[in-house]
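Please model the entire structure based on the sequences and the hints provided.
As a plain string of letters, each chain reads:
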Amino acid sequence: MSADDRDVRLEELLRASLYDEAETITPAGDGLSRIQGRVTTRRARAAWWHPMAALGGVAVVAVAGFAAYALTRTPAHPSTLHTIQTGDTPTPTPDASASTPPAPVVTKPTYPASAFYPFTSEAAERQWVAQDGPSKQPWVGDPELLAKTFVAAFVQQPGVTDVFARHISGRTATITLGRTLHDGNRSVPVKVTTVSMVHFDKAWLVVGASDGGGELKLTSPKSGQTLMSPALVAGPGYGVDENVRVDVRTVSGIARTGDVPTVAFGNGVPQWSTTVPFSAADPRGAVVVVELSPADGGPGRIAVVGVNFATVQAASYPQYFYGVKNGRVTKFSSKSGAAISYLTPPEPGGGASDPQLVGNNVYYLDGAGTCVNALRSVPVTGGSPTTVSQPDTGYVITGYGIAAVDNRVNSFFESSCNSAVTPQGRLVFDTMIDDTHTQRTSVPFPAFPPQVVGDPSFAADGRHVIAVVRTGTQAQVQQYDAYQSSSMSDATSPCSTDPSTDLPTATQVDSGGAVWFATQTGSGMQVLRCAGGQSSVAFTVTGTDTPADVAVTSNGQAVLLTDTSGAVWRWTAGGTVEQLHPSVPQPQVAW
Amino acid sequence: MIETLAGEQRGRFVDAATRDADEALVAIYTAHYRSLVRLAALLLHDVPAAEDVVQDAFVAMHGSWKRLRDTDKALAYLRQAVVNRARSRLRHLKVVDRKAPALLPADARAHMPSAETGAMAAIDRAHVLVALRTLPQRQREVLVLRYYSDLSEAQIADAMGISTGAVKSHASRGMSALRQKLGQSLEQTS
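Those sequence lines, one after another, are chains A and B. Under numbering that gives the first Met the number 0, the first residue of the first sequence carries the number 0, and numbering increases by one thereafter. Under numbering that gives the first Met the number 0, the first residue of the second sequence carries the number 0, and numbering increases by one thereafter.
In silico BS3-like links for lysine-lysine, alpha-carbon gap of 25 Å or less:
hint : chain 1 : residue 1 : chain 2 : residue 2
1    : B       : Lys-72    : A       : Lys-221
2    : A       : Lys-334   : A       : Lys-324
3    : B       : Lys-65    : A       : Lys-221
Worth flagging that the hints you see were computed from the coordinates, not collected in a lab. All values reported here derive from a predicted model rather than from experimental measurement.
This is how it looks when you write it as structure tokens:
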């Protein structure tokens, strides 16, 4: 062994020894409250001392002034000399206030400058209180529940629910959350993030979250920084082979306007960075950075920095949407609903339906006679259509979804043209394994009902598929694993719905993983946004119409809703719902 | 501007800078408290004392926030405060000899896993820790800051209040001393 080898060995050994020893050291859980208690004590002492010091200073000046006065002037009437004025300084008088601090000036508490969840302003919090929010949403008043809700709904990591540490002290709180990491045969509890909160009025407010291990940090943006699009997001590098996903979010949804940036770093890279274009409807929000564990793909570290946005405006919506006119995929104006151009050629005896925009292509179902169709795509600029997938012989595709991750995976629901055939339907998953070969798996639906209605939609991971499964008079939003589900029962329910009042009919997942679905209620149509298992109403259209399709922009900031008669409504976050008037009915649209 | 806080702090004077300091305190605590306690514990060999030192440093940082106003500066300030206060505590209270057994037993073998668990690496590490304890204080500080906190020479110099040249010198002498103390086991386990 050479001297150099020994040096390297010693360095490795020393580092490992110190790390191992450090790992055995766990501070007591009351550190923050002890520090805050000492700060409070010191502050109270300072509040008492400062007026006294000021009085002392005035007294010194007064004594000095008196001495000067006495030395320079012979008083005519010494007995009338009671006070000496020194500039504007008020004369100290021996009253009770001289020995005690003055009564505090009570002013209204100020909304925390960096708080962004679940409220972005004092007005929002006050409105929540006025609307009996504390009793209706008690989780806002409980820091632990708020932290869990924040990580599930805002950060979109619903699996991070184990509480590792809980520090609540008066006005501030930190909750460390984690999960169980499954690595081979091992199950390891891991801390993922520490959510920091401050108390205001009746609510706890999230001001940020950090990686408890201190590895994942952001040098840009700083907490409370005002951002203009695109946001520069950067942090120091660490590790060997790391990947982080970066997002810009607000309480209204995803503010990012492009794909989710993924940044790879490690192996000595001193800094990682990326830019994220965004359009925010709220004045405040946060930059969210999630490192996924290479062991199981789940979240390993989460850091969230609260920011302000430079401009506040209603979310914009895409300039065009895509529908069908005269059996051809057609580009329409999102503002007026007017048809602009055809993307596909005329098809006598057949025609296009159910367009979906993914990347730079519009996918659609191309019918070619009775019970014959195929999934095709055409560039958004128009051109020659390409066949993407075909149903099994004797079946016809009734709905489909394309994984936005790399467009190489699609899923469709096919129904048998012969009702006597079993299975009567299949949820099919096609994965392109190279340029010419596809691997196909499916979930059989033996007899209708139950069956999939509307289009299935891929979750953000490109693996799970969300679909509305209708069972008689009821329907549920279900999630299937494209690589593991083999029967109807291999499904989970990602969103809570009330089967007695809600009838989901269409769904789509945005690129942030939020599941949007349209339901028919007794009084109209609702579009709900579901994140972290919790659903909230985005907007409502009153009437007796039945939703046919819902199209969501990748950032979740704008939605098109159609009904079965072909009417179209446009909604934008922070804006209103407006009905469009295309020249022909559009039961299925995309943007 | 004079404001008061809600709840139990109502009536106390808290200006905007203090509020920033409160929030910064929580954020920095969350991100760095544990690693700073561990750093202090590696220097002091006494976990409760390490916590005291780090809490002192946080209180001082809070008081200096108007001057710091930056997380990176605050972290550098905290490291420096921790090193200084740990050194001060070792010097004045002479806790090293009294307290060391609580964390690092003099007999490293008492710290080892059993042979059945096959912990040759752990044996080496226990030897290293024992050897490290025998080094002069400055050498020990430099090596802990370098190999546990992963600080650069400039950052170590800043934290210890010495020049980078002195950091290099302490590091070199410390490693040389460790090499001598561990020479045999380094050869054996290679």
